[in-house]
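K.L.:
Below, each chain spelled out in residue letters.
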Amino acid sequence: MAINCVVCIKQVPDTKRITGEAMKEDGTVNRAALPAIFNPEDMNALEAALEVRDRCGGTVSVVTMGPPAACEALREALFRGADRAVLVSDRRAAASDTLATSYILSCAVRKLEGDLVFCGRQAIDGDTAQVGPQLAEKLGLPLVTYVEELMDVADGSIRVRRNVGNGWEVVECSLPALLTVMETANTPRPQAARRIMKYKKARAPMEVAKAAAEALPDAGDDEKAAEADKRLAALAERGLTIDQWSLDDIEADLGWCGRDGSPTKVHRIQSVVLAGGEYHEYPPTDEGVAELIGALIEDHTIG
Amino acid sequence: MIDVNREGEVWVFAEQEDGKLGDVPLELLGKARELAGTLSVAVGAVLLGDGVADLGGELIAHGADKVYLVQDPLLGHYQATSYCHVLCELIGQYRPQVCLYGATPLGRDLAPTVASRMKCGLTADCTDLQIGDHEIPSSGEVHRNLMFQIRPAFGGNIIATIVNFDRWPQMATVREGVMPLTDADPSRTGEVVECGVELGGLTLPLKVLDSHRRPKRVNLKAARIIVAGGAGVGSRENFKLVWDLAGCLGAAVGGSRAAVDLGFVEHDHQVGQTGTTVRPALYIACGISGAVQHRAGMEESAKILAINTDPAAPIFSVAHYGIVGDLNDVIPKLIKAVRHGASVAEAAG
Chain Y
1 MAINCVVCIK QVPDTKRITG EAMKEDGTVN RAALPAIFNP EDMNALEAAL EVRDRCGGTV
61 SVVTMGPPAA CEALREALFR GADRAVLVSD RRAAASDTLA TSYILSCAVR KLEGDLVFCG
121 RQAIDGDTAQ VGPQLAEKLG LPLVTYVEEL MDVADGSIRV RRNVGNGWEV VECSLPALLT
181 VMETANTPRP QAARRIMKYK KARAPMEVAK AAAEALPDAG DDEKAAEADK RLAALAERGL
241 TIDQWSLDDI EADLGWCGRD GSPTKVHRIQ SVVLAGGEYH EYPPTDEGVA ELIGALIEDH
301 TIG
Chain L
1 MIDVNREGEV WVFAEQEDGK LGDVPLELLG KARELAGTLS VAVGAVLLGD GVADLGGELI
61 AHGADKVYLV QDPLLGHYQA TSYCHVLCEL IGQYRPQVCL YGATPLGRDL APTVASRMKC
121 GLTADCTDLQ IGDHEIPSSG EVHRNLMFQI RPAFGGNIIA TIVNFDRWPQ MATVREGVMP
181 LTDADPSRTG EVVECGVELG GLTLPLKVLD SHRRPKRVNL KAARIIVAGG AGVGSRENFK
241 LVWDLAGCLG AAVGGSRAAV DLGFVEHDHQ VGQTGTTVRP ALYIACGISG AVQHRAGMEE
301 SAKILAINTD PAAPIFSVAH YGIVGDLNDV IPKLIKAVRH GASVAEAAG
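Protein chains in written order, with this note's numbering: chain Y, 1 to 303; chain L, 1 to 349.
I should point out that these hints are in silico values taken from the structure, not numbers from a laboratory. The reader is advised that the hints may include incorrect statements.
What the hints assert, rightly or not - Cβ pair distances, simulated, as ranges:
#	chain 1	residue 1	chain 2	residue 2	range
1	Y	D83	L	V193	16 to 26 Å
2	L	L202	Y	G255	25 to 35 Å
3	Y	E281	L	N219	26 to 36 Å
Said to hold, decoys possible - So the derived list for chain L, only partly shown, Cβ under 10 Å to chain Y, looks like this:
#	residue
4	M1
5	D3
6	G19
7	L21
8	K119
9	L122
10	D125
11	G140
12	I159
13	N164
14	G200
15	G201
16	L206
Only a predicted model underlies this, so the values are computations on that prediction, with no experimental measurement involved. Even glycine gets a Cβ: it sits at the ideal position worked out from N, Cα and C.
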């Protein structure tokens, strides 16, 4: 029996290379200014979905909420084996916190009609691990978090091992369900050369429109739009379309999206200031070390 | 969500497993007392389970004024469906203004589920909670006495203060050890409120077939001295230096997240925002650069000694003592000096 999987992915700033300059004054991130990567645990989530397809057949669709640049991540998912990629993009989704994000994703995921929804445990920018569980609640799906192993995928049910912090649990639940996947769950398969060759040309309509406008800088809007349509039709013929949905396409209630739909707001952002206190440096010599130990013994820090 | 309720209590979800409370709810009760004191409201502990009524006393001794107790066989083992249902019923009925959860695997499963059902705000992994006022920049509208939810973000390069002024309760999760564990005060009094929440119609979608709990191998929170190694130690074999120094000091062994990820030492030894938060009398950081998430886990140590070849390593900014040098050279010297100091002390008698 085929199982259709939906994987929610996110393109995130590489948080190992961020400075305070990346923040805008209102406390939200200026994502355009940062190098972006595929969120690591979403890669594990995608791999888990691909494993389910290996075992049971079915399709793997990936969906992301983000600006057009997020198509890079969608293409990467296609390179690794996803069957379908969907971009949910809309300016009115900006500044969404986890509640608004999970609401928007729930509208999109509902349209994709999956039997199994996979999310990475958490994203390396927000680090909240909240979207997966909140998405499950909105979709009314059983939630299994911290999945480390897919043990059995049988007719209409799934058995997984999850990490509970100080140990593990084997849990069974019926489908449809939502799983959040940890980095320890699997080793993502590499990009397949043939798939790269094919899908490197996959594009979302917004990307095509931008390229068409750049190709005809002196043309009028109608001519640019016609060129874009022509290119899109050619892509569609070869199965290279990345679907693109606005908040209207997914019938989202705008009151639950973006800043208006976000109960949590940023009050203040502070750069981390490394505060110095009393500090004594000792040379790395026998004498220096002995002096340090002497001081620690004298004030009874060391018994 | 509930409307803003200035009389609302400050609640702590009292996570228990097999009839035992973890440290986190007790730590959170201390913080809850502080917040509730500023807000002039009471502290409530929410205790769910089956046959757990005797835990009420411990919760009251650690700061709860009320213990909201819900017992049912369906609550015997945690599941998001049943626990979320009960919490939402209680929140709807009693309208607390704040709900705190431990950022444990259970808490991180439960809190977002409740927040989604209640359509209220939730901030994860807070490193501090304060009461303050928030002004909306565009309108100048001021919201008073909100819970400031403070946490590092974006790789730890910034500290964000988050507020939720209209979609209550204000909810937050906090990791173990972030709030200090205060002693129990058995003279404290409080009330256990037995709440009947209807669970009959609920089907639990998850079946737990097997489980295994491993007792923690090391109690970092109780250690007086900790010797911790980072990526700079270089290998699991070389971590022996850290173990040896710890051995001669009677210290516990810690590791940075990098050291754990690289396999130098087990996860039980991890110090930092995603490991354990510690406050020993002495913390010796060997080959640890001192990223914010690590500092968050040890910067309240009474004394910090940092050993690193890089004089610009951030760890030196929180250290009281520093040695800029190679730990492969410095640790043996430290061991020698400690042993010498011990023998001198013995001789002096």
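K.L.:
So which of those numbered hints doesn't the model satisfy?
P.N.:
Of the numbered hints, 1, 5, 6, 7, 11, 14, 15 do not hold.
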